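> So the sequences go chain by chain: A and B.
In terms of the numbering used here, the first sequence opens at residue 1 and continues consecutively.
In terms of the numbering used here, the second sequence opens at residue 1 and continues consecutively.
In case anyone wonders, no lab produced these hints; they're calculated from the structure.
Given the structure is predicted, the values throughout are model-derived calculations rather than measurements.
C-beta atoms are modelled at their ideal positions from N, C-alpha and C, and glycine is treated no differently.
The hints are all genuine.
Here are the computed lysine-lysine pairs in the PhoX-like style, where the Cα-Cα straight-line distance is at most 20 angstroms:
{"no.": "1", "chain 1": "B", "residue 1": "150", "chain 2": "B", "residue 2": "190"}
{"no.": "2", "chain 1": "A", "residue 1": "77", "chain 2": "A", "residue 2": "58"}
{"no.": "3", "chain 1": "B", "residue 1": "150", "chain 2": "A", "residue 2": "53"}
{"no.": "4", "chain 1": "B", "residue 1": "116", "chain 2": "B", "residue 2": "218"}
{"no.": "5", "chain 1": "B", "residue 1": "228", "chain 2": "B", "residue 2": "52"}
{"no.": "6", "chain 1": "B", "residue 1": "22", "chain 2": "B", "residue 2": "79"}
{"no.": "7", "chain 1": "A", "residue 1": "58", "chain 2": "B", "residue 2": "150"}
{"no.": "8", "chain 1": "B", "residue 1": "52", "chain 2": "A", "residue 2": "149"}
{"no.": "9", "chain 1": "A", "residue 1": "189", "chain 2": "A", "residue 2": "149"}
Rough simulated footprint, nothing fancy, chain A against chain B, three-plus residues with beta-carbon under 8 angstroms:
{"no.": "10", "region": "54-68"}
{"no.": "11", "region": "73-81"}
{"no.": "12", "region": "100-112"}
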Amino acid sequence: MGLELYLDLLSQPCRAVYIFAKKNGIPFELRPVDIFRGQLVSKDFSQINNLCKVPALKDGDFILSESTAILIYLSSKYPTADHWYPSNLQARARIHEYLGWHADCVRGTFGVPLWTQVLAPLIGVHLPEEKVQRNRAAMDRALQELEDKFLRDQAFLTGQHVTLADLMALEELIQPVAVGFDLFEGRPKLTAWRERLEAFLGMDLCQETHGLILNILEQAANKKIPDPAPEVYPYMLLRISRIP
Amino acid sequence: MGLELYLDLLSQPCRAVYIFAKRNGIPFELRPVELRKGQHLSDAFAQVNPLKKVPALRDGDFTLTYSVAILLYLNRKYKVPDHWYPQDLQACARVDEYLACSHDSQRRVCLFLIYKKVMFPVFLGEPVSPEMLAATLAELDATLQLLEDKFLQNKAFLTGPHISLADLIAITELMHPVGAGCQVFEGRPKLAAWRQRVEAAVGKDLFQEAHEVILKAKDSPPADPIIKQKLMPRVLAMIQ
Chain A
1 MGLELYLDLL SQPCRAVYIF AKKNGIPFEL RPVDIFRGQL VSKDFSQINN LCKVPALKDG
61 DFILSESTAI LIYLSSKYPT ADHWYPSNLQ ARARIHEYLG WHADCVRGTF GVPLWTQVLA
121 PLIGVHLPEE KVQRNRAAMD RALQELEDKF LRDQAFLTGQ HVTLADLMAL EELIQPVAVG
181 FDLFEGRPKL TAWRERLEAF LGMDLCQETH GLILNILEQA ANKKIPDPAP EVYPYMLLRI
241 SRIP
Chain B
1 MGLELYLDLL SQPCRAVYIF AKRNGIPFEL RPVELRKGQH LSDAFAQVNP LKKVPALRDG
61 DFTLTYSVAI LLYLNRKYKV PDHWYPQDLQ ACARVDEYLA CSHDSQRRVC LFLIYKKVMF
121 PVFLGEPVSP EMLAATLAEL DATLQLLEDK FLQNKAFLTG PHISLADLIA ITELMHPVGA
181 GCQVFEGRPK LAAWRQRVEA AVGKDLFQEA HEVILKAKDS PPADPIIKQK LMPRVLAMIQ
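Generate the whole structure from the sequences, applying the supplied hints.
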């Protein structure tokens, strides 16, 4: 059995792993995991990944979670172009610096609109407007820092070439866009970055990767999103309680 | 000008960087940045790190922030022993996995605890409700269980038989609640044994030196009102 990637394309870090593997022609078996059908907390999956998280990678007996770890593993193991995770000391440091800031300011923040608009309502939870506004403000601050401190006048987030940092960022920024919050509007610099990145990745690959999430509102409207399995409620409630 | 490290040992990631550099005999100038005096908000420091955070590194013209980035940079540049961040693909991935995972859960709860138990009431003069504190303490408990069950298991160190960056990040994080007066290692013999091993691997003297500040955090004199006003917005943003 070759490389297996356990992914739910509704999840931002899963999409980053997917798009990286596909773009680099890394052969893998896609093991779709539907978080909301409770597959994450199922006995089968917890044997794969005792942290019960996606994305997860299985390479023979070796099991790995955390998108950053997976991306670095894939870029080291498979023949991928150097620019993704450069061997140059300073260039590589810049990626880890971005990922540090991303963990603080992007992860957990840009996923909130999907929760407030689609996922929490599925279990009858409605977030107060105060939290929605606080999240908007946090996203605005993060986007400003992204432009001013990282992107600046470079083509990509850590320099002139696409890196793992750009993938992680893109997939997070797509999440609010999918529920109608167009954070690229009024931000020409960021828009240009997105266009460069998507052109580099290829529109087909982008459509394939983003299709599910970009369709989420339509699915919700047509009641095509299944009710979350009861086993998933604790995870969902915990996640919702973490929204500041 | 050689390597400069801008640190406040009150901060967990700063301690990890400090211990790593000292343990590996990496020559550097220590540039203290006192968070409780708001020195990280100064214009001078913004020249080093526009994100206004510690730890920060300056190596000639190159500046860098975020502890994992700094640790990995030092690790590669100074050719330290392999066990800190192994060359082996899978061993290295385990360290990456821990570093990413801990950020979400352990780092967050340890930071919240030092703030809710010490920094808010003692230093910033802001009360914290017992319910809020209890919730955070419960989270700490869950995190410690996860650390033992999913990471440490029956190994000597978190990702294998030897100490790595994962252990350094973990131990410096857990010293935050210790500094806040919480029971972390008491009643958890497995974790306590791991702590002893980490301290021995790092060197007891160095470990104690690095943790002197956090262990005295409870004795912080109250912040003067001007400093408090400067610090509060960022503190509140950080521990939402």
